[in-house]
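Note that the protein sequences, when read in sequence, are chains A, B, C and D.
When we follow my numbering, the leftmost residue of the first sequence carries the number 52, and every step to the right adds one.
When we follow my numbering, the leftmost residue of the second sequence carries the number 13, and every step to the right adds one.
When we follow my numbering, the leftmost residue of the third sequence carries the number 257, and every step to the right adds one.
When we follow my numbering, the leftmost residue of the fourth sequence carries the number 32, and every step to the right adds one.
Check each hint, because a few of them may be wrong.
Restraint-style ranges between C-beta atoms, simulated for each label pair [claimed, not checked]: (1) S201(A) / R302(D): 22 to 32 Å; (2) A310(C) / G266(D): 35 to 45 Å; (3) R202(A) / T402(C): 28 to 38 Å; (4) R202(A) / R302(D): 29 to 39 Å; (5) E316(C) / S121(D): 41 to 51 Å; (6) E51(B) / G103(D): 35 to 45 Å; (7) F113(D) / E51(B): 32 to 42 Å; (8) N86(D) / R114(B): 19 to 29 Å; (9) R420(C) / L624(A): 20 to 30 Å; (10) A102(D) / I43(B): 42 to 52 Å; (11) S354(C) / L96(A): 51 to 61 Å.
Hints are computed from structural coordinates only; laboratory data are not their basis.
We treat Cβ as the ideally placed atom computed from N, Cα and C, and that holds for glycine.
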Amino acid sequence: MTTTASRSTIFRRPTATKGFWSWITTVDHKKIGVMYGYTAFAFLLIGGLEALLLRLQLAGPEGQFLSQAEYNAMFTMHGTTMVFLVIMPMSAAFMNYLLPLMIGARDVAFPRLNALSYWIFLFGGLFLYSTFIFGTTGAPAGGFLAEEVSRLGSAPNAGWFGYAPNTEPQFSVGTVLDYWAIGLQILGLASLLSSINLITTIFNLRAKGMRLLRMPVFVWMSLVVNFLLAFSLPIIAVALWMITFDRQFGSQFFQAANGGDPILWQHLFWLFGHPEVYILILPAMGIVSEVLPVFSRKPLFGYAAVVFAGAAIGFLGFGVWAHHMFSSGISTVAQAAFGLSTMTIAIPTGIKIFNWLGTMWMGRLRFTTPMLFSIGFVAMFTIGGLSGVTHSVVPADWQQTDTYYIVAHFHYVLFGGAIFGIFSGLYYWFPKLTGRMYSERLGKWHFWLMFLGFNLTFAPMHWLGLQGMVRRTWQYASDTNLGPWNMVVTIGAFIIAASILLFMWNWVVSKRRGAEAGIDPWDARTLEWTIPSPPPEYNFAEIPTVTALDDFWHKKYSEDEEERPVRRDTADLLVEELEHTGNNPGKPIHLPGPSYFPIAVGLSLPVVGYGIIYHGEVWGVALLAVGVLATITSFVGWAQEPAEEPGEEESPGEEH
Amino acid sequence: MSEPAQPEAHHHPSPRQYVQIALLLAVLTGIEVGLYYTEPTFGRLVTPALLILAAIKFGLVVGYYMHLKYEKRFLTGFFGAGFILAGLVYAVVLVSVLILPRFG
Amino acid sequence: MADLAHDLGHHDEHESLGVDNRKLAMWVFLASEFMFFGALISTYLLFKGKEGMAGPLPRELYDIPFTSVSSFVLLMSSLTMVLAHNALTRKDQPATRSWLLATALLGMVFIAGQFFEFATFIEEGMTMRTNAAASGFYLLTGFHGTHVLIGIIMLLSLFGISRRQGSLSGGQGLNLELVGLYWHFVDIIWIVIFTVVYLIP
Amino acid sequence: MSPAGPIAEKIDGLWWLVFWIAAVIFVLVQGAILIIAFVFRDKDGRKEPKQIHGNNKLEVLWTAIPALILAGIAVPTVQTLFELTNRPDSALTIEVIGHQWWFEYVYPDQGINTANTLVIPAGQPVELIMTSEDVLHNFWVPQLAGKRYLVTGQETYLNLEADEPGEYWGQCAEFCGLSHALMRARVVALDEAGFEQWVTDQQQPAVEPAAGSLADQGKEVYLNAGCTRCHVIEGVWEDVARQPPAPDLTHVASRSMFAGASFEFNEANLRTWLANPSSMKDGSLMPNLALNDEEITALIAYLETLK
């Protein structure tokens, strides 16, 4: 260790590159991506379980399966988990793992910041779920409970949107909503840090020659998503600070009696909320735009149109938020304006759908599982989009908002859209991740079973909503004829659960015993298929130079006079050579060393969270102090630790 | 904006220029505070004047102290994007909560 | 001004926008901070003029001369910050350190001014709990103060590194520039706050 | 959806217009997907596809056509929107106040205060001026009009009209806490004469029970078991400790539903309710007064006389 850095090593810098310890201190974007993926999948199972409990309660009229408190906790946690702990981190898994590979970089711009984002996310999620152990709730002030709220019921119970004033201390007694507010605050911070990291990576670490309009569409969609994250998360951070101060320090932001304005919460929440739902859907759109061309053996139809449509959706996302509030009594002029702006968003979405159809037109379609999921995405997302347009018509929305019609809409868009897109991506990049092929038969079973279950579950919700079934209702009267269709929905939900089990079985078995996949099983078009799978830690032995969009395809194929691709005779040789050089690079490659500090900061933030919640007690204040101190010392320690870019003059010999 | 002196080739404002800019900022702040006290007389004119002064100070600090004037164009683009987006979005919030309810 | 630290090693292999990663990240972070402070400022503006609220309103208690002095202090700290940065480009380490310290001290004077102002308001009966406008005011100025505090910690750690290592070079040089950007940003936010919150009726 | 009033009909008309446009697009797009999947599937001998990159004419086309369709939808949307939200001048105004888990209706001109069941004249526009005492609620009767929030500290307006006399069901549509599902609304539309009769009945003070009867004992229980802390019965007990007061019981029997219009006003439901209110509506603000059976029987007898 050279003199300059000696003081920084209070304890020796971690050097493990294998085994458990290497995962804890890793800064490798691939390991972080894998960890994001597995954590998100674990939360998907938990969120799915919550959904099944909800469906059992609603299977028949006047159900008694869950108590009112438990039902409210389950639907809130289902919403919060699926949005913040499943789709966002799963998109982060794809972005972290694939962005550097697709743009020809060795790692993200700030590897340790990337690790920090993951650890803050993980411990933020665990902090949120610790409400089931420590959280307390009860009847509103002055109310009486039928019986003590069970552990299952002591979780945030004011909806994933947490409308004020129901979240005020006098209506939400106990600590569960503090867990919700501070948990989301920590998760928001994780996404904000990773968005800044990825924006810098996309702009500054592209392969030579890869101009912006030569980047794969998934990279473009990630760029738009990260800008949406960077600009929308601060808004929810302010809103969450306001509700935390209202609950903990008695501020009057949403106390209507003393000047506060409950509608302000809705404005701030949905100002973040709508860009948020585009953050959930755009990565899946990016995945579909990568999968469709490969299995149609045709370039993406209208690349520039798809990219600009994505950017337009991202930007317009900031101008439509009040369509969630049409019936909340905002002025008629505002309702008209937001209704029209919501309609304009349907146009770029339409462009994307037509361009996907254009991609498949005249293609040579191979119906592998990723292709099936992508076509499923296009079909189901169209239904979600169309039902979305029907409630941009304001008077119609007065009938539809807060009913199961809206539940159907956003499940068609989020489940039919994002989850289908994510499964398409998981199957598509499975060979790259593991070096083995998944079982096509199991994959198809999984798709058709999920497709059936999905439609059985969410199609009936459209007319349930139109017949007057209200959202978040613990039960519905027996004289309304909503019972039969609700039973169908419950059965559908269990079919989806079965299909998820099929996926898990396929994943676990094929990871070990799947057939060898090689580096380019799909004869694909983007850079991540030019390196060995699973990719070595340094990704590219030689940073590639890119001359055109879908450069790898053009290296493998030339075009005859009818513009039909003809495989170059050198193509197979090229693929073998890429595999060979990929595995043994010429010169040694410097890689940023692992570090303790990301996990240290990640651990100290929830301690601050507990401190804020229990600042009333002495040990709460102590916790707060310890947490803040730990955060600062970890950051200061981090600043001392040289990031160890290869160009460091004084310490070329540092271990890596 | 008044340009005290054409910045030399290596586009670093010299310390002397920094001090000049600082003085200019101080003067502008003084004018702002002065305007505050004339509020009863000028009435409606004060608010726009204060906003313009604030904008000038904003521009001075961002342009010279944060060196945005000499940086590449897209940095101004990112920073401007955040500023304009915030301005637009919160203007709409303020309008729809404070002004539009009057129209019913 | 060219980056203080020469572009680090692997930049030439990549198609980049020609700005160092950390500087690009800082500018994007500052852009997103606009949304943060924008939300706080617009919340205060919403509640500022509301009738029918209990207790003293912030605008009744403002002490404009006192606040304009602390605004002046923050403006001057921007000057000392930029002089520190200028000194570093001339490799004049002692001057850099003294200007850094000056900036941190001015920052602390500003924070002291804020605490004093909060103390007088609380004495006059306006706390976080009095009414929505007061809550908005405290949250806004509180978060701005916290950002100034974080800036001071960064300035002092730079000062510490510079004293211990005798000089700021390579990566740390760029860090000084980034802390400078952050500090100026906190200053221009205060310029907006001072005008919109304090001065405009 | 079966609308039963002019406002709901306009909304329904608009909905079906947009629905059929969406249905047509649905058939076109899904059809295209199926055809593409079938025609261009990878059968053996199929040549490599032409590497088409895009077609600007097509791009312009499928940007313009959706824009035109949406413009077509936008015009009736804005028209209907402004039409339905202008406040009618000659309408019966009723104040609706939201509480945790029941709707309170005050008829300012007629001086009536009732709960759970909203009685309106058929064929006449009615304007609801709404606010809430605690959290956000959302008054919605699907057959008569769209839904509108009840916002704490603010007034919101909703126009309502029923063509024919009859009973129309509604519910609170905005999550408002533990018993949100049991906060229902029952709207009864009466013809002209019926409504006049109802108003005069409601304006009378409470019926005096016959001295010494079971109902009379019930009245005693009401007076000293603690009910008077929250419930008003005109002519018996008016000033109430708890502000805002609980539902006005002067004509409770005339409403045929109670506790957020979620339970039939019959002997069995009343008995369980009076024995332990939170067992039926979790989190209910009505305490368990630990009444014994006789007191409950007497109380029920008295309540049933309050037509």
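The hints, checked one at a time:
Between S201(A) and R302(D) the Cβ separation comes to about 27 Å, which falls inside the hinted range of 22 to 32 Å. The hinted window of 35 to 45 Å between A310(C) and G266(D) holds, with their beta carbons roughly 37 Å apart. In this structure the hint that R202(A) and T402(C) lie 28 to 38 Å apart at CB holds, the actual value being about 36 Å. Range check, R202(A) to R302(D): about 32 Å between beta-carbon atoms, so the 29 to 39 Å window is met.
Evaluation of the 41 to 51 Å hint for E316(C) and S121(D) yields a pass: the beta carbon distance comes to about 45 Å. The hinted window of 35 to 45 Å between E51(B) and G103(D) is violated, with their beta carbons roughly 51 Å apart. Judged by the Cβ atoms, the range 32 to 42 Å given for F113(D) and E51(B) holds: they are separated by roughly 39 Å. Taking 19 to 29 Å as the suggested C-beta distance range, the pair N86(D) and R114(B) does not conform, at roughly 49 Å.
A hinted range of 20 to 30 Å is violated for the C-beta pair R420(C) and L624(A), which are about 56 Å apart. A hinted range of 42 to 52 Å holds for the C-beta pair A102(D) and I43(B), which are about 50 Å apart. Checked against the given bound of 51 to 61 Å, the beta carbons of S354(C) and L96(A), roughly 59 Å apart, stay inside it.
This entry does not satisfy hints 6, 8, 9, going by the numbered hints stated previously.
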